[in-house]
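Line by line, the protein sequences are chains B and R. Going by the working numbering, the first residue of the first sequence is number 1, and it counts up by one from there. Going by the working numbering, the first residue of the second sequence is number 1001, and it counts up by one from there.
Calculated from the structure, these hints are not laboratory results. Do not take every clue at face value.
Derived BS3-like pairs: lysine-lysine, alpha-carbon spacing no greater than 25 Å straight-line [stated by the list, open to error]:
hint : chain 1 : residue 1 : chain 2 : residue 2
1    : R       : Lys1002   : B       : Lys115
2    : B       : Lys115    : B       : Lys101
3    : R       : Lys1273   : B       : Lys106
4    : R       : Lys1104   : R       : Lys1087
5    : R       : Lys1104   : R       : Lys1002
6    : R       : Lys1182   : R       : Lys1087
Since we're looking at a predicted model, the values are computed, not measured.
The primary structure of each chain is shown beneath.
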Amino acid sequence: MASVEAPERAPDEEPFDVEALLSRVDGDTELLRYIVELFLEELPRLLSEVRAAVAHQDSHALDRAAHTLRGSVGNFHAGAVVELALRLETMGRDGSLTGAKETLAKLEHEVERLKPALIALGKEQLIYEGLDR
Amino acid sequence: MKVLIADDDPISCRILESKLIHWGYEVIVCSDGLGAWDVLRTEGAPQLAIIDWMMPGMDGLEICRVVREQTSAPYTYILLLTAKDRKEDILTGLGAGADDFLSKPFDSHELDVRLRIGRRILDLESGLLRSREALRLQATHDPLTGVWNRGAAIQSFETELHRSHREGKPIALIMADIDHFKLVNDTYGHLAGDAALREVCRRMRRLMRNYDTIGRYGGEEFLIVLPGCDAAEAQHIAERIREKIGGHRVNTLEGKIDVTISLGVASGDGIQKLDANALIRAADAALYRSKRNGRNRVTVATPAEVRRSGMTTIPSEPISALELADDPLRSRQNESPTAI
């Protein structure tokens, strides 16, 4: 494929790779719950920094903020959000913010899909854990 | 093994920490670069470090650079952790001094293997450092008695003599030689002789201050350097050595052996410039007089004698020939074994 744009994802696709995530925490559900909580706490700050950078057309700040967000979301193998964050990061690094607002909107949309899925996974794991006992 | 994790992303930090603890590492966590640098420059710091590139305060590249500016061993193996994975980023990181690279989100198996590589390098290095230290010990110490060998003892004396001149402080030298040592070997065997040498050294060392040095100058002859001691203090120490050795018999597998020692003392006041050989010659001549006057005694070279030996041009080892000629027991060393 010659296209530079990342392919759009099907709307029903999982917002993150469950298996990769579980293997990443080595099936440690407590650790999983802990990092989900930590992520949900951190997320508003990370997002608002990206938003502010886009609003102020500050490419350096966008490079940094999107990079940090990408690193954090990457922990959950959330492919779509990671990809969009990378796109913003690249725009920031190259100093060309054309289309940044639209990309940010897509990113916010994906984040909204990601959040409940992560919360649900945390709970699911709790239930599994409960059944095990 | 201790590992430092430095990452400002708390999630990544927590996952890393959990894995490393699970693998049996002792983990130290820092959430910013300055904290990480503080940990790395303390003594006993972790030698294995997983460092995030983008961090507030001091980023991973800066840490790599400052760590590499330190030239002293031991080595710090740095794994640079980053979401930057373009080729030029990797080159920049390695150029700054990172040993290896791991992109975020990292894969567990890859991390495990890369940490093992780091440990292998560090193990190799510590093995080399140990051999270097062992070689250094071998090159400077007498294997039988554990005291300095001749070369190292003379070198240490020369260093101390320079210091004495520089600081204008006195310095004393004792030459000590076990009496009739040939007889000990001939009567009790060489193993007993070795045991006697070791015990004599042990007793002498116990009388030394920690900045004094003692070396094995020859077969049963020792050179003791006493920085800061004048003739009277050195004579006192020499007397104590003589008493400690002659006063108690030495236990060997062949039974208890009477051992005595003769000593010669020479000193400099730190003001008059003296050549190392002059002091060694003067102490040696004093030792020779102790032997001639009946052994098991201490003789101190007078300042005039020390000065005179500085003017003599004979080679630096006058004693052996003189003493061997005078000592019927020792002179037999030159004869064939069948003659005894």
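Going down the list of hints, with the structure as the test:
A distance of roughly 36 Å separates the Cα atoms of R/Lys1002 and B/Lys115; the hinted pair therefore is violated under the 25 Å criterion. At most 25 Å may separate the alpha-carbon atoms for a hinted pair to count; B/Lys115 and B/Lys101 meet this at roughly 21 Å. The straight-line distance between the Cα atoms of R/Lys1273 and B/Lys106 is roughly 86 Å, outside the 25 Å bound, and the hint therefore fails. The hinted pair formed by R/Lys1104 and R/Lys1087 meets the criterion: a straight-line CA distance of about 15 Å does not exceed 25 Å.
Note on R/Lys1104 and R/Lys1002: the hinted pairing holds, with a Cα-Cα distance of about 22 Å set against a maximum of 25 Å. Proximity of R/Lys1182 to R/Lys1087 is assessed by CA-CA distance (about 74 Å); at most 25 Å being required, the pair is judged violated.
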